Amino acid sequence: MRGSGTIALSAVLVLGACGVAGAANPSPQVSVPGGDFRSVLAPAPGQDVVRVPGFRLDETPVTNAQFSAFVRAHPEWRRDRVTRLFADPEYLSHWSKADQADAVLADQPVTRVSWFAAGAYCEAQGRRLPTWYEWEYVAAASETARDARNDSAWTQRILAWYGKPATAGLPPVGKTPPNMYGARDLHGVVWEWVEDFNSILVSGDSREQGDPDVLRFCGTGALTMQDKDNYAILMRIAMLSSMEGRYTTTSMGFRCASDLKSAQP
Amino acid sequence: MNRLLIFGLASVLVLLSAACAPKQEAAAPVATTTGGSVRGDLGPPQGEPVQAILTSPPAVPPPTNRKQPAKVVVDLEVQEVTREIADGVNYTFWTFGGTVPGSFIRVRQGDTVEFHLKNNPSSKMPHNIDLHGVTGPGGGAASSFTAPGHASQFTFKALNQGIYVYHCATAPVGMHVANGMYGLILVEPPEGLPPVDHEYYVMQGDFYTVGKYREKGTQPFDMQRAIDERPTYVLFNGAESSMTGPKSLKAKVGETVRLFVGNGGPNLVSSFHVIGEIFDKVQPEGGTHPQENVQTTLIPAGGAAIVEFHLEVPGTYVLVDHSIFRAFNKGALAMLQVEGEPNKAIYSGKEVDETYLGGAQASMQPVVAAAAALAAGTLSKQQQIDAGSILYKGTCSVCHQESGEGLANVFPPLAGADFLKADLPRAIGIVLNGLTGPITVNGTAYDSVMPPMSQLNDDEIANILTYVTNSWGNSADAISSGQVKQAREATGRPLGAAR
Amino acid sequence: MRSFRALVALTLLLAVSGVKAAAPGDSIYQLDIALTSQGNRATKLDLYRGQPTLVTMFYGNCPNVCPMLIEQLKSAESLLDADQRVRLRVLLVSIDPDQDTPAALARIAREHNVDLERWTLARAEAADVRKLAAVLNVQYRRLPDGSYNHSTVITLLDREGRRVATTSRLGGADPEFQKAIRSALAK
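Residue numbers (my numbering), protein chains in the order written: chain A, 2 to 266; chain U, 52 to 550; chain Y, -3 to 183.
By construction, these hints were calculated from the structure, which means they are not laboratory data. It is possible that part of the hints are untrue.
[To be verified] Listed next, the in silico SDA-like pairs over lysine to any residue satisfying Cα-Cα at most 25 Å (straight line):
id	chain 1	residue 1	chain 2	residue 2
1	A	Lys98	U	Pro172
2	U	Lys303	U	Arg281
3	A	Lys165	U	Leu127
4	A	Lys165	A	His188
5	Y	Lys127	A	Pro76
6	A	Lys165	U	Gln506
7	Y	Lys127	U	Pro351
8	U	Lys263	A	Ser153
9	Y	Lys127	A	Pro27
10	A	Lys165	U	Glu266
11	U	Lys169	A	Ser153
12	Y	Lys175	U	Gln204
13	U	Lys298	U	Val247
14	Y	Lys175	Y	Ala123
15	U	Lys169	Y	Arg159
16	A	Lys165	U	Val247
17	U	Lys263	A	Ala154
18	Y	Lys127	A	Arg73
19	A	Lys165	U	Arg281
20	U	Lys267	A	Ser153
21	U	Lys267	U	Glu280
22	A	Lys165	U	Gly225
23	A	Lys262	Y	Ala123
24	Y	Lys175	U	Glu165
25	A	Lys165	A	Lys176
26	A	Lys262	Y	Pro93
27	U	Lys169	Y	Asp22
28	U	Lys267	A	Lys98
29	U	Lys444	U	Gln506
30	U	Lys169	A	Trp162
31	A	Lys165	U	Lys263
32	Y	Lys127	A	Ala43
33	Y	Lys127	A	Lys176
34	Y	Lys127	A	Arg85
A quick note: this is a predicted structure, and the numbers were derived from the prediction, not measured.
Could you put together the complete structure from these sequences and hints?
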């Protein structure tokens, strides 16, 4: 009797410890089956189809509440302790306390986080940031189609978000309808970090596409963006390519991904 | 004579003339070219760095009044703002300096410009800048790509004088430009521009919204319309009525006005014209050598021009894009109010206002009189007959002839016609609705087509019929327009007839 | 008494274990990643802390730029006086950890005849490579055929690992950058 009680108690303690060591319960993920995909960023000249292996993706972006729990568990990521190498001075500046977001922000996607901070959060969950191709692949889906990028009404809805300034408050996560994969809030809420944001070798001058400056990018030159009519994707690419790893901005948040084979649920 | 002396004198003369000749040329130098960028570098900056004065449209910064190249620091901030594009219509503009067009930058040829581009933290988008006055890759765009909440800096030397467009060049470029990210930078010639009384900053742009022209509410950008080049609005300075009414540009009689006119596009070329004025000087495309006496000047998308005109007469002068549906149906209209004493010798204003009735001026008098009498309630049968006689000619007389005798076997007569006399209401119906098919008039068969006289109104038909039934031996009571109206309402509208 | 001895022992232990003062907040040595050198030795990013260091990223099968990059580094060194050069360090980290094993790195070092007293060629795991690239503002992407597109940035670190200058120039001296190197070595 006593033995099983001890075992039960230990189990609870262990589980509780796991809960504390990570952030609040890791957020639910959706499974994204792999597939071939025509990307706006051609992986090689003349080849624009990418094979995206299956993976899991957080259903919604990480919230201020979730990130608060992470900062409390990992105080080196508090805005008053983080080194300037990993976050610029605006990091988490919208929180009134260094380790806790205001209650009104709790369910909103966390923004003003750098790539380093986002990556550290995902690592603490046993997860990672999604790659650009994974993100583009999932985000191409609408509620009813796997690839809605030729649907001008869908594109127009996305463009309408870009037209609104960032001063309006953010909605709580999970309010937009899920797309074909079950993921929400991929459009119209926040920009999101990707693991390989610095692999988007585009020139700061978007009209230089196709300029074969071999020395500049060692090899085939700056990326040529296919599908220049796809304004919605072009703007994501422009946004990510303007960032450095330590930058934070009011409209940039993130969510985590994980490999299908990983042990984490 | 001493040959040596002659030779010496001749040599002296030759030398003197050789010395004189170039001096003559030097006395009247004609600079035909500025030499472009090759000759544009006037040396290193002198003196203390200068903070550039930037102005919001329609104001222009004052002349630099510099005689030496300087280092000029430009601080420009990108802001994404939502404001009215037309009455009751909101649009989210992306702006340089908070305005559309963006702040006006003024430097002098040879200046070294240290350009600081800031992107307000509230911006959602990264932005950069391409200044057409920059010699260098992308006009600065690659070196100024800036994320929200950050700033970047690059330096260039202004080698070419002129008026240049600047705009954002971040992908997708068309959308950034369509949202208002353009402005002008003036690179003064080394000697400066000749002084004028007013300088103003005007920039045309085309805008693409999902909603129709003047459809109220917040309108998002419509990408497909932009690709199809079907703008909703074509505007000066980013808003309908940006320079009309109390916001009109101002000047006085006797003054000279200079307009720096840009065209940000993204798509349309402008046919820029000021109604009531002629451009005394135009620097077409913003180039160095002016043209004179121009009515309308073309400003390419991504281009600019400088126009100057002297004002002789007061009034409101309207700036338009003379692709005229843009001015009156899309908003490409602005105003310059000019005050001062009238000058009748130049422009008299309206001197005479009278009616003009075309070639048949005198003979239409009875028609006019009848109309007036009808309105006054005093219409007499004779007035109707007199009016009807005028109206009959040219309408009915074509077929039925001026004498009312018709054309044998083709068109029936009206003079003494038993068919007419037998049923006057039927006659009204025939004038209104036409008649086809066989009839017999005065014993002769006719089978012709009379079209409905849809162009005639009730009074006119009444007057014509009164005339017909009281001419050429016919006699009947006057027919009133009320009777015609009744007949019109009782009968169907013939196919194709207007009502 | 007992506690005092414990304290002394603890202090000695700490001293012996070589716990250094933390690097400044903007030093790249804040990034704690595991490196393996061309000599197959485990090391860290701050292996040259205490000396000004040139750090860059490259990969072994790079057809045109990376050989030039190594020559650029040697050329920057050769412009220094001997007594300055001996104090400068050079660290190259591969963006291709799969192909650039320690043996491959050793071969590259031999082929370019670099001074391994002062140079280290190293590899790190892919996720750490991405972090180092983010810190150094290097962009790179792997192509389907296993080669890489990447930008070229040589960063000069001061003794504490702070970035003081960068250059992207290949095939020709960068006078501003040279000046910065000399200045860092003079301090």
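Legend entry - Hinted pair U:Lys263 and A:Ser153, Cα distance within 25 Å: With a Cα-Cα distance of about 18 Å, the restraint between U:Lys263 and A:Ser153 holds, given a limit of 25 Å.
Inset, instruction - Mind checking the alpha carbons of U:Lys444 and U:Gln506 for me, to see if they're no more than 25 Å apart? - result: Holds: U:Lys444 and U:Gln506 sit about 15 Å apart, inside 25 Å.
Inset, instruction - Please work out if A:Lys98 and U:Pro172 have their alpha carbons no farther apart than 25 Å. - result: holds (21 Å)
Inset, instruction - For the pair supplied as a hint, Y:Lys127 and U:Pro351, confirm whether the alpha-carbon distance does not exceed 25 Å. - result: violated (47 Å)
Inset, instruction - Decide if the proposed pair is consistent with the structure: A:Lys165 and U:Gly225, CA atoms, cutoff 25 Å inclusive. - result: holds (17 Å)
Inset, instruction - Take a quick look at whether A:Lys262 and Y:Ala123 sit within 25 Å of each other, Cα to Cα. - result: holds (18 Å)
Legend entry - Straight-line alpha-carbon gap Y:Lys127 to A:Lys176, limit 25 Å: violated (33 Å)
Inset, instruction - Measure nothing beyond the straight line between the CA atoms of Y:Lys175 and U:Gln204; if it is 25 Å or shorter, mark the hint as holding. - result: holds (22 Å)
Legend entry - Satisfaction of hint between A:Ala43 and Y:Lys127, Cα-Cα up to 25 Å: holds (24 Å)
Legend entry - A:Lys165 paired with A:Lys176 [C-alpha distance capped at 25 Å]: holds (18 Å)
Legend entry - Distance restraint between U:Lys169 and A:Ser153, which requires alpha-carbon spacing of 25 Å or less: Measuring from Cα to Cα gives roughly 33 Å; hence the hint is violated.
Legend entry - Hinted pair Y:Lys127 and A:Arg73, Cα distance within 25 Å: holds (23 Å)
Hints 2, 6, 7, 11, 14, 16, 28 and 33, counting from the list given before, are not met by this structure.
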